[in-house]
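> Using the sequences and the hints, build the whole thing.
Protein chains: 2
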Amino acid sequence: MAQITEVSPLAPAGFPELPIIQGVTFAAAEAGVKYQGRKDVTLIRLAAGSTVAGVFTKSATRSANVLDCQAKVGLESDEGAAFIINSGNSNAFTGRAGEGSVKAICDSVAQATGLSGNRVFTSSTGVIGERLPHDRITAKVSELVDGLTADAIEDAAHGIMTTDTYAKGTGTTVMVDGKPVKIAGIAKGSGMIAPDMATMLVYVFTDAKVERALLQQILSELTDITFNAITVDSDTSTSDTLLLGATGASGVEITEATGAFATALHEVMRDLAHLVVRDGEGASKFVEINVTSAASDADAKTHAMAIANSPLVKTAIAGEDPNWGRIVMAIGKSGAAADRDLLTIHFGDVLVAEKGWVAESYSEEAGASYMQAQDLAIHVDLGIGEGRFTSWTCDLTHGYITINADYRS
Amino acid sequence: MAQITEVSPLAPAGFPELPIIQGVTFAAAEAGVKYQGRKDVTLIRLAAGSTVAGVFTKSATRSANVLDCQAKVGLESDEGAAFIINSGNSNAFTGRAGEGSVKAICDSVAQATGLSGNRVFTSSTGVIGERLPHDRITAKVSELVDGLTADAIEDAAHGIMTTDTYAKGTGTTVMVDGKPVKIAGIAKGSGMIAPDMATMLVYVFTDAKVERALLQQILSELTDITFNAITVDSDTSTSDTLLLGATGASGVEITEATGAFATALHEVMRDLAHLVVRDGEGASKFVEINVTSAASDADAKTHAMAIANSPLVKTAIAGEDPNWGRIVMAIGKSGAAADRDLLTIHFGDVLVAEKGWVAESYSEEAGASYMQAQDLAIHVDLGIGEGRFTSWTCDLTHGYITINADYRS
Numbered sequence: 001m002a003q004i005t006e007v008s009p010l011a012p013a014g015f016p017e018l019p020i021i022q023g024v025t026f027a028a029a030e031a032g033v034k035y036q037g038r039k040d041v042t043l044i045r046l047a048a049g050s051t052v053a054g055v056f057t058k059s060a061t062r063s064a065n066v067l068d069c070q071a072k073v074g075l076e077s078d079e080g081a082a083f084i085i086n087s088g089n090s091n092a093f094t095g096r097a098g099e100g101s102v103k104a105i106c107d108s109v110a111q112a113t114g115l116s117g118n119r120v121f122t123s124s125t126g127v128i129g130e131r132l133p134h135d136r137i138t139a140k141v142s143e144l145v146d147g148l149t150a151d152a153i154e155d156a157a158h159g160i161m162t163t164d165t166y167a168k169g170t171g172t173t174v175m176v177d178g179k180p181v182k183i184a185g186i187a188k189g190s191g192m193i194a195p196d197m198a199t200m201l202v203y204v205f206t207d208a209k210v211e212r213a214l215l216q217q218i219l220s221e222l223t224d225i226t227f228n229a230i231t232v233d234s235d236t237s238t239s240d241t242l243l244l245g246a247t248g249a250s251g252v253e254i255t256e257a258t259g260a261f262a263t264a265l266h267e268v269m270r271d272l273a274h275l276v277v278r279d280g281e282g283a284s285k286f287v288e289i290n291v292t293s294a295a296s297d298a299d300a301k302t303h304a305m306a307i308a309n310s311p312l313v314k315t316a317i318a319g320e321d322p323n324w325g326r327i328v329m330a331i332g333k334s335g336a337a338a339d340r341d342l343l344t345i346h347f348g349d350v351l352v353a354e355k356g357w358v359a360e361s362y363s364e365e366a367g368a369s370y371m372q373a374q375d376l377a378i379h380v381d382l383g384i385g386e387g388r389f390t391s392w393t394c395d396l397t398h399g400y401i402t403i404n405a406d407y408r409s
Numbered sequence: 001m002a003q004i005t006e007v008s009p010l011a012p013a014g015f016p017e018l019p020i021i022q023g024v025t026f027a028a029a030e031a032g033v034k035y036q037g038r039k040d041v042t043l044i045r046l047a048a049g050s051t052v053a054g055v056f057t058k059s060a061t062r063s064a065n066v067l068d069c070q071a072k073v074g075l076e077s078d079e080g081a082a083f084i085i086n087s088g089n090s091n092a093f094t095g096r097a098g099e100g101s102v103k104a105i106c107d108s109v110a111q112a113t114g115l116s117g118n119r120v121f122t123s124s125t126g127v128i129g130e131r132l133p134h135d136r137i138t139a140k141v142s143e144l145v146d147g148l149t150a151d152a153i154e155d156a157a158h159g160i161m162t163t164d165t166y167a168k169g170t171g172t173t174v175m176v177d178g179k180p181v182k183i184a185g186i187a188k189g190s191g192m193i194a195p196d197m198a199t200m201l202v203y204v205f206t207d208a209k210v211e212r213a214l215l216q217q218i219l220s221e222l223t224d225i226t227f228n229a230i231t232v233d234s235d236t237s238t239s240d241t242l243l244l245g246a247t248g249a250s251g252v253e254i255t256e257a258t259g260a261f262a263t264a265l266h267e268v269m270r271d272l273a274h275l276v277v278r279d280g281e282g283a284s285k286f287v288e289i290n291v292t293s294a295a296s297d298a299d300a301k302t303h304a305m306a307i308a309n310s311p312l313v314k315t316a317i318a319g320e321d322p323n324w325g326r327i328v329m330a331i332g333k334s335g336a337a338a339d340r341d342l343l344t345i346h347f348g349d350v351l352v353a354e355k356g357w358v359a360e361s362y363s364e365e366a367g368a369s370y371m372q373a374q375d376l377a378i379h380v381d382l383g384i385g386e387g388r389f390t391s392w393t394c395d396l397t398h399g400y401i402t403i404n405a406d407y408r409s
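Chains as they are written, first to last, in our numbering: chain A, 1 to 409; chain B, 1 to 409.
Mixed in with the good hints, there may be bad ones.
Treat identical chains as interchangeable: a pair holds within one or across any two.
Unchecked claim - Cut-off 27 Å, straight-line C-alpha distance, at most; resulting in silico cross-link-like pairs (BS3-like, lysine-lysine):
id, residue 1, residue 2
1, Lys34, Lys355
2, Lys179, Lys209
3, Lys355, Lys39
4, Lys39, Lys103
5, Lys179, Lys103
6, Lys34, Lys103
7, Lys209, Lys72
8, Lys209, Lys39
9, Lys72, Lys355
In short, the hints are calculated from the structure, not lab data.
So, in structure tokens, the structure goes:
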């Protein structure tokens, strides 16, 4: 099995100091689900009165865990909740046995915490198609419950990693009605070892008080412009899960889908999404694709994702080649409205093309010089309407092939 | 500029003997549009009475040539036709100047052949965004017209190449109503040198007599299950063009969209499509994806193309890894209907998964052994309905990255 041990060149300097979210506690343990000598099971406990919202993969072959979470996340409850996550095995495409594993884990956590079974949310990430040895997980539940502590979010960020090259977390404190509200989140994603499945798991916590339906509305709206706006390789996991818990411990009640809280949550979610892209398999460049003046926001997203997913665009970026012809190609193939003669393309501040042709002021030297940066921004203005969307991606390098093709499981 | 000189390992032994199609003549010349020391402009002449049908890229940023061909291909005429193709410059994203180039070339060919301008069809393939030096092409038109000969189809196959690693042609003779009808075709595609644009150009000829509307109907139907069923990297060119000319010289009239002629034409088009995939950038494996028992043919195509385009599936194939979990992932993300517990997956004759889980009889050894073959077949049965579709793709290797990222223009 491949072991990619090098940390992504796009990784941040280290794991940040995150605010303590009152009402949320963490613990991680070594259960040996697949990995040895590292923590691979994580328990997160939300106090009574917390609300929970979630968004999940739309895959038709999603895992038993995802199906179970989806069935539970819309229920109203004052009991609080528990999240339990294992790495090393995704419990996906494991037939009816997968549902049995989820039930066994939920029952175990419910018994140890006093929660109802439908307040326990499970996630599994790792190899696909192998029966989850859930006994190894349930054997650790008492130890996890006993070890729960408010300051162990970094342990949790490590516990949910599979082949990620660094632990991912971010947080902020925002003033709402003159009072501080805290938000902290962790994520995993984009590491891959054949035959493991890349999955994205994200957990975000806040001490704001937010009614469940509103929390879900805010989460869904922000997901569209954060996690649903990133791509590493256009392949969608069977396990993607994002859970947001609000404990209410700050005493600050949020009653609107917009405002300071939503803005701060947006920033946390966007930062976590960027951290996933920066750990993209083989990534050497982080790229923002900004599409404006499209016929609609939906059209802008179609164009932005077509550019962000194009292997020809992504290999050109890897080669530091200012290959704007491939941007034109991706716009053309996307299926959304475009008019060749109204297109304007910038690489950073460099005007590359306008009016259906290369700009008179453009020089290959200016374009090539810009492409050497590690963080890049490509701006496409369609000149048609008011639609806009921003996506984020990484380049496509030999590293991606090495990680996904050079090793046999 | 990168020069990829190695011939694809999936290339056929050589260019085949093709039947002479009475009423079609070919010539190629060195115009120096971009390449030096090789033929880069090709003229193909169809005799009076020929009908022409065509299908073209749907790209919103398609080239001036494609737009011009689309405007002409539906016109009825007894004059015959000419196709003129240059390699080295795609005349795409060249603003209004591109339309001027097309007009200059059409006028020149019309004058030299006595055809109306609207019977001249142009194609350009190569670098995008650079003004086409059409004077170099028009300077060669007299020489090309003088050199037209019935037995130069292989010259034409070479003349339309850009970075293809071999010339592509195929043909057949089919008996219709007891009389022989001949079909021959050439194609280019899948070669790429940064910043050139991969394009696919295909020209097919027959001596059958086919009314224009019927010829277009047959061509469109067969394109859906041949050229529109292949993918190398999911990126669609701005120049894709397929023209079919029927001279009628055999005296055999085709009056139905099905039957021996359509079947033979299907085989020729499928063979040409396969030749394009076999020259896919960096390809080391040729892969057939066969999807059956989907809810509809459209759903089957969605699944087949999702598998064929998945970078994780394609890298697994490159690594000879029987990674059926990635097939399940691709089915799940495709958006078309699927039921985990009804899926059956075969690699060749090896039953891999059934009833939502790995098959009891499956062994990794059997899967890994099968994956070592150069030509692979993956069969997914959805167990839902009657829909079926077959797509063809190649693997994703370091060669693809080398061709598209390692070199700067």
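> Would you mind marking each hint as holding or not holding in the structure?
Evaluated hints:
1. Lys34 with Lys355: The answer is between: 25 Å across copies meets 27 Å, while 56 Å in one copy does not.
2. Lys179 with Lys209: Classified as within; 12 Å inside a copy, 83 Å across copies.
3. Lys355 with Lys39: So Lys355 and Lys39 fail the 27 Å test inside a copy (56 Å) and across (33 Å) alike.
4. Lys39 with Lys103: within (22 Å within a copy, 69 Å between copies)
5. Lys179 with Lys103: neither (40 Å within a copy, 70 Å between copies)
6. Lys34 with Lys103: Close inside one copy (20 Å), not across copies (66 Å); limit 27 Å.
7. Lys209 with Lys72: Answer is within: at 20 Å inside a copy they meet the 27 Å cutoff, but 65 Å across does not.
8. Lys209 with Lys39: neither (32 Å within a copy, 73 Å between copies)
9. Lys72 with Lys355: Intra 52 Å, inter 26 Å, cutoff 27 Å: inter-copy only.
The structure does not agree with the numbered hints 3, 5 and 8 stated previously, though it agrees with the rest.
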